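Participant: Could you build all of it, start to finish, from the sequences and the hints given here?
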Amino acid sequence: MLNQLRPAIFVFAVLTLLTGVAYPYAITGIAQLAFPYQAGGSLVTRDGKVIGAEIIGQNFDSARYFHGRPSATTATDPNDATKTVPAPYNAANSSASNAGPTSKALIERVQDDVAKLQAENPGAKVPVDLVTTTGSGLDPHVTPAGALFQVPRVAKARGLDEARVRRLVEDAVEGRLFGLIGERRVNVLKLNLALDALTG
Amino acid sequence: MTINGWLQIALFAVLIVLVTRPLGAWMHAVFEGKRRFLGILETGIYRLAGIDERREQHWTAYAAGMLLFSAVSIVALYLLQRFQASLPLNPMGLGNNSVDNSFNTAVSFVTNTNWQSYTPETTMSYLTQMVGLTVQNFASAAVGIALAIALARGFTRRQSGTIGNFWVDLVRGTLYVLLPLSIVAALLFVWQGVPQNFSAYVDATTLEGATQQIAQGPVASQEAIKMLGTNGGGFFNTNSAHPYENPTPLSNLVQMVLIFCLGAGLTNTFGRMVGDQRQGWAILGAMAALWLGGVALAYSAESAGNPAFAQFSVDQSAGNMEGKEVRFGIAASALFATVTTDASCGAVNAFHDSFTPLGGMVPLINMMLGEIIVGGVGAGLYGMLLFVVIAIFIAGLMVGRTPEYVGKKIEAREVKMTILAILCLPLAMLGFTAIASVIEPGLAGLANAGPHGFTEMLYAYTSGAANNGSAFAGLSANTPWYNYSIGIAMLIGRFLVILPMLAIAGSLAAKKIVPASSGTFPTHGMLFVVLLVGTILIVGGLTFFPALALGPIVEHLAMQAGTLY
Chain A
1 MLNQLRPAIF VFAVLTLLTG VAYPYAITGI AQLAFPYQAG GSLVTRDGKV
51 IGAEIIGQNF DSARYFHGRP SATTATDPND ATKTVPAPYN AANSSASNAG
101 PTSKALIERV QDDVAKLQAE NPGAKVPVDL VTTTGSGLDP HVTPAGALFQ
151 VPRVAKARGL DEARVRRLVE DAVEGRLFGL IGERRVNVLK LNLALDALTG
Chain B
1001 MTINGWLQIA LFAVLIVLVT RPLGAWMHAV FEGKRRFLGI LETGIYRLAG
1051 IDERREQHWT AYAAGMLLFS AVSIVALYLL QRFQASLPLN PMGLGNNSVD
1101 NSFNTAVSFV TNTNWQSYTP ETTMSYLTQM VGLTVQNFAS AAVGIALAIA
1151 LARGFTRRQS GTIGNFWVDL VRGTLYVLLP LSIVAALLFV WQGVPQNFSA
1201 YVDATTLEGA TQQIAQGPVA SQEAIKMLGT NGGGFFNTNS AHPYENPTPL
1251 SNLVQMVLIF CLGAGLTNTF GRMVGDQRQG WAILGAMAAL WLGGVALAYS
1301 AESAGNPAFA QFSVDQSAGN MEGKEVRFGI AASALFATVT TDASCGAVNA
1351 FHDSFTPLGG MVPLINMMLG EIIVGGVGAG LYGMLLFVVI AIFIAGLMVG
1401 RTPEYVGKKI EAREVKMTIL AILCLPLAML GFTAIASVIE PGLAGLANAG
1451 PHGFTEMLYA YTSGAANNGS AFAGLSANTP WYNYSIGIAM LIGRFLVILP
1501 MLAIAGSLAA KKIVPASSGT FPTHGMLFVV LLVGTILIVG GLTFFPALAL
1551 GPIVEHLAMQ AGTLY
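Sequence order for the protein chains is A and B. When we follow this note's numbering, the leftmost residue of the first sequence carries the number 1, and every step to the right adds one. When we follow this note's numbering, the leftmost residue of the second sequence carries the number 1001, and every step to the right adds one.
Derived from the structure by calculation, the hints contain no laboratory data. Model, not experiment: these values are computed from the prediction. Where a beta carbon is used, it is the ideal one built from N, C-alpha and C, also for glycine. No false leads were slipped in.
Covered, in the sense of this in silico footprint (three residues per stretch, anywhere, with C-beta under 8 Å from a C-beta of chain A), are these stretches of chain B:
| no. | region |
| --- | --- |
| 1 | 1294-1308 |
| 2 | 1317-1330 |
Simulated coverage check for chain A against chain B, where a stretch passes if three residues somewhere in it have a Cβ under 8 Å from a Cβ of chain B:
| no. | region |
| --- | --- |
| 3 | 15-28 |
| 4 | 35-44 |
| 5 | 87-99 |
| 6 | 109-119 |
| 7 | 140-153 |
| 8 | 175-182 |
| 9 | 187-196 |
Under 8 Å between C-beta atoms, here's a sample of chain A residues computed to sit facing chain B:
| no. | residue |
| --- | --- |
| 10 | 11 |
| 11 | 50 |
| 12 | 52 |
| 13 | 59 |
| 14 | 60 |
| 15 | 102 |
| 16 | 125 |
| 17 | 129 |
| 18 | 133 |
Facilitator: This is the structure:
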C-alpha cells in the first residue's frame, strides 16, 4: 500500500495546481475580458456611487419604493457578538428562514404580514410571494402580481397617477426565456430606479 | 401545476436523453485511452508521480490507491482550513476554521458529499474555496467516475486479475471529462451573471441610503464543477438559490442538466463497455421511471401550497413560495430538488426545510434509495449495479437458475458483498438519527418542533450517509456532535459502499464470460426494468417506511388536520 504513497502525494499536488490554481485563474482572466460587468458582480452605479448589484435584492422600507419579498437574513448583534439580529437582504450572510410548513411561527408571521399589506391595498388578495421569505434572502424579483399589488401605495406616496405607475410596472415585467423557461418576474431594484428617474 | 411547468420538466428530460449518447461515447473513448489531447501533460504527471500507466491493478491495489488519495486529500483540506488566516487570498480577514468543522468539511468534500454546516461567506477564504474546496470538487468526482469504470471492467474482463489503474483513471477523468466541460460551463455562468473576481466584498449605498455589503469571489469556476461533479457545496450559504450562484432561469436549467449529464452518460458508457448499449438504456429507463415519480409528487405537493394560509386573504396560486425564488417558481424548484437528490449533488435552489411535508419527502426518499436515480457521477452507476445484482438474484431464485448479468454468473460472493454495501447505508442513516433524537446535543439543533424537527435530523444523517449534502437547513449542525457524527456517517456511506463494490469488480473480472443461451434472462427489456424498479422500491420501502411515517407522513396528516407546532 505504501508504494502508492508517492503517486497519492504527487497526483494530489498536480491536480491541486491544475484545478485549484490554473483553472480558476484562467476562468477569471477570460471572464474579466469577455464579461467584465458580470464577472465584477453586476454592480450598478448612480452618480458615480455603487448603489447595489443588479441581480441582488436590497431592502426597501419606504412607502415611496416598491418592496421586495420578506428576507430572513441576519447580522451579528452589534451589542453582543454571540447573538444575531434580523438584517433583511444582508448580502454578506445569505440565509433562508427554513420555517417548516407546520411551524406556528411561520403562520403567525404570514398573518401579521398579510394584515399590514391589506391595510395599504384593501380588498385585493395578497400575492403569496409578498408574505413568504425568499430562499436566498436576496431575491431580486417579485411576481408581476406582487408588484402590481403595491401600485396604489407607491402612487399615493409619490403623488403620481396610478395608471402611470402601473404602466411602469408592466414595462418592467421580464418574460420567460423563449416563452418557456423560468417564471415571469419584476426586478425590484430596476423598477425603483425607473421610478426615481420618472419623478427625479 | 401548469402546462408550462410540465413543459419545462419535459424539456429537461429531452436534454438529458440528447446528451447521454455523445457523453457516453466520449467517456468510453477516454477510459480506453483513445482521447489523449493533453498527452504531454498526462504522461508528465505519470512520470513525476512514478506511475506506470500500462500496469493494471488488482482490486485491492486499486482500492488502496483510492484510500490513500482520499486520506491525503482529507489531511490537506483540514490543514488548509486550520491555517487560512495566515495564508494569502483572504481579503475579508476570515479566521481559522474550528477543529470539528474543519474535520467535517474535509470529509464532506473528499467524499463528494459537500454537506456544509458553515456559512461560506463568513467562514472560508478565497484560497480555501479555490485551492481546497474546488480541487476536491474535481477530485472526488473523478474518483467516483474511476470506480464506476472499474466496476464496469469487472463485467467485461474475462478471467482477469486486474480492473484497471486507479491513477490513470483518476487523471484521465479529470483532464478529459471534468476540466473541459467545467471551463465551458463556468464561462456560460459568468455570461449569465455569476461573478468571477478576487475583490473584497463591495459596500453599496442602497437607494434608501443604507449600506449593503455584497459578498464577491471566484464563484463561477467553483459553480461549474459543483454541478458537473454532483458535489453541490455552495460558494455562498444559500447555494443555488443565491442570485450570484444561479442568476437566471437559463443558468438554472444548465445547472440541472450538468447534475445529470455525466451520470446519464455513464449508463451509455457501461452499455458500450459490455458491448450492448441496450443494457445502458435499460438502466437509464429504470432511473427515468423513479425520477418521474419523484418529480410528479414534489411538483404537485408544492403547487398545492400551504393549507394553513387558506384562512388569510392570500392569493396562493403561485404555490408554496416559502424559501423559494421568484425566477424559478414552483416547477423549476420542485424539479431541482428532485434532480439534486436523485444524483448525489445536494445543491439547492429552494429550501427543502420549507417544502410541504410530501414535497420534502421526495428528496429524502431519493437519498434513502441510495441515489441510484442517475446518481452521483460514477457513484450512481455503481450503486445501481448493486441493485441490479439483487434484482438478478431474485429473478434467479424464482426460476431456480444461477443468475447471470451481461455474461457473468452472479454467485454467493457477489450477493454477500452487495448486501453488505446496501445495508451499511440504512445503518448509518437510521442509527445516527435514533441516537440524535434521544440525546441533548442532537435535539439542541432543531429549528422546528413536532414531526418536522424529527425529519430535520433524519434528513441530515440520510444526506450525510448518502453523500448528498443537501439539508433541512434549519438544523444547527455546526456543533461538535453534528460535525463529528455526520462526518462519520459520510465516511461510512462512501467507503463502506466502495470497498465491497470493488471486491465485486475484482471477483467478476476473474470469471469466465458465459455466452447467452435460451435460458438467459434478458436484461435489456421492459420486464427487467420493471423488476429492477420493483426491487429498489421494496428494499427502500421495507427499510425506511417506519422512519418516514414518524416524519413527513405524520406531518402531512397533521397539516391537513390544521395542527401547528
